[in-house]
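Residue numbers for the sequence shown follow this note's numbering, beginning at 989 and rising by one.
Don't read these hints as lab results, they were simulated from the structure.
Certain hints may be false.
To be verified - Dumping the calculated BS3-like pairs for lysine-lysine here, alpha-carbon to alpha-carbon at most 30 angstroms:
(1) 1015 / 1077
(2) 1057 / 1035
(3) 1035 / 1075
(4) 1104 / 1035
(5) 1057 / 1072
(6) 1035 / 1119
To be verified - If you anchor each label on the Cβ, the simulated ranges turn out as follows:
(7) 1130 / 1030: 31 to 41 angstroms
(8) 1135 / 1001: 21 to 31 angstroms
(9) 1012 / 1158: 34 to 44 angstroms
(10) 1159 / 1130: 33 to 43 angstroms
(11) 1001 / 1108: 12 to 22 angstroms
(12) 1134 / 989: 29 to 39 angstroms
(13) 1051 / 1158: 31 to 41 angstroms
(14) 1150 / 1114: 37 to 47 angstroms
(15) 1161 / 1001: 39 to 49 angstroms
(16) 1155 / 989: 51 to 61 angstroms
(17) 989 / 1130: 22 to 32 angstroms
Quick reminder that beta carbons are idealized off the backbone N, C-alpha and C, glycines included.
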Amino acid sequence: NTNLTWLDCHSNQLTSLNLRNNTNLEKLYCYSNQLVSLDVSQDTALKELVCSSNQLTSLDVENNTMLEKLYCFENQLTSLNVGKNTKLKLLNCHSNQLTSLDVRNNTLLEKLVCYKNQLTSLDVSQNTALKELGCYSNRLTSLDVRNNTLLENLYCYSNQLGSLDVSQNTALTLSLIHI
């Protein structure tokens, strides 16, 4: 269906979803189902994908270069490649099993929520548009937010941080930091 631009099928018991031939699909809301896989490789017009609260172990969004918002939290993802999603403004991937997350190419990113994973490092030095960072309950030993001068909210507790410099973050209004 090339006329379909928005599909909302959330809160069902879907175990599969066929999205082939939906080349104009811009918004997909398939959260709170029982999906174990999701193929959005042909949905190149996709701007917003909400596939949270499923049973996904992988998610390939490399072809979705128009993607601006990605909500893939509460799945079983062990990796997530968003390197080609340079228009991404919001990424919410909390409560997965991610051991790494590379957001260096996502320079437009304003909100990054990646708490409750297994991240040992997180480089946000290129994310100068970042206003909110939620990275608590990981295994981070360091976090450099000196380039994130627009940062308003920072949640980085329950990590293994030894120090943190927020002297350049003059816009910071809320920070939950336990060192």
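Now the hints, each set against the structure:
1. 1015 / 1077: holds, 15 angstroms
2. 1057 / 1035: holds, 6 angstroms
3. 1035 / 1075: holds, 9 angstroms
4. 1104 / 1035: holds, 25 angstroms
5. 1057 / 1072: holds, 13 angstroms
6. 1035 / 1119: Between residue 1035 and residue 1119 the Cα gap is close to 20 angstroms, so the pair holds against 30 angstroms.
7. 1130 / 1030: 31 to 41 angstroms: Since residue 1130 and residue 1030 have Cβ atoms about 40 angstroms apart, the given range 31 to 41 angstroms holds.
8. 1135 / 1001: 21 to 31 angstroms: violated, 44 angstroms
9. 1012 / 1158: 34 to 44 angstroms: With a Cβ separation near 43 angstroms, residue 1012 and residue 1158 satisfy 34 to 44 angstroms, so the hint holds.
10. 1159 / 1130: 33 to 43 angstroms: Given range 33 to 43 angstroms: violated, Cβ gap about 22 angstroms.
11. 1001 / 1108: 12 to 22 angstroms: For residue 1108 against residue 1001, whose Cβ atoms are near 36 angstroms apart, the range 12 to 22 angstroms is violated.
12. 1134 / 989: 29 to 39 angstroms: violated, 48 angstroms
13. 1051 / 1158: 31 to 41 angstroms: holds, 39 angstroms
14. 1150 / 1114: 37 to 47 angstroms: violated, 23 angstroms
15. 1161 / 1001: 39 to 49 angstroms: holds, 41 angstroms
16. 1155 / 989: 51 to 61 angstroms: For residue 1155 and residue 989 the Cβ distance comes to about 53 angstroms; the hint holds.
17. 989 / 1130: 22 to 32 angstroms: violated, 48 angstroms
Checked against the numbered hints listed earlier, the structure breaks hints 8, 10, 11, 12, 14, 17; every other hint is satisfied.
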